[in-house]
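Enquirer: Input sequences plus hints: build the corresponding full structure.
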Amino acid sequence: GDSVTQMEGPVTLSEEAFLTINCTYTATGYPSLFWYVQYPGEGLQLLLKATKADDKGSNKGFEATYRKETTSFHLEKGSVQVSDSAVYFCALSDRGATNKLIFGTGTLLAVQP
Amino acid sequence: DAGVIQSPRHEVTEMGQEVTLRCKPISGHDYLFWYRQTMMRGLELLIYFNNNVPIDDSGMPEDRFSAKMPNASFSTLKIQPSEPRDSAVYFCASSSGGGTLKPQHFGDGTRLSIL
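Chains W and G, in that order, give the protein sequences. Each number in the working numbering comes from the position in the first sequence (counting from 1) with 1365 added on. Each number in the working numbering comes from the position in the second sequence (counting from 1) with 136 added on.
Treat the hints as calculated values from the structure; they're not laboratory data. Backbone N, C-alpha and C define an ideal beta-carbon position, used for all residues, glycine too. The reader is advised that the hints may include incorrect statements.
Simulated DEER-style distance windows between Cβ atoms [to be verified]:
1) Gln216(G) / Glu1434(W): 46 to 54 Å
2) Thr1377(W) / Asn187(G): 40 to 48 Å
3) Pro1405(W) / Asp199(G): 30 to 38 Å
Expert: Structure, rendered in structure tokens:
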């Protein structure tokens, strides 16, 4: 079945460092890809998405490019802030009639001042 | 705009008791999802509804779990009887329209502890 694999955390960075969180997927067909973020004590929020190969999703300085050839959707940010500390989830959904999301296990990011 | 509202935020109860979690989706959204989040298993989809009708309940762990959506503005997830292994954070999410281009909006979750 479809699945998402994320790099294990926690990822600990200093403020203004460059961030990469790796995500690869396995899917039949052509899924849509998402990054969700979960701040402490809150639910998940959609951060960005991409619906076809070579699409780049971006939001709040974060970017991810849908790479069909490597089945990847890595999350990047050029300069992280303490306020970016959260758990980041990569997810996919097929293009069928369902609205189901399949999530990765999440990666905890801790940014230190 | 009000987001997805879940209640209670925290629930602590003893094993064997009935637990009812509640969710009010965003007005106008026609899809509603229930998820469970644990350290061991991550985020799991339990069940989802479209226009108040259950579409896929394949993620419901066992018969002790049941979910209903009596109208477009309210859903419940019930566990009876509860067991310690049910301890988790339960999230409700809603979205408008079908297909994955419509983002799911999550509530803040219910943290459930079964003693």
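Enquirer: Run through the hints listed earlier and report the numbers of any the structure violates, in increasing order.
Expert: Hints that this structure does not satisfy do not exist here, as all of them hold.
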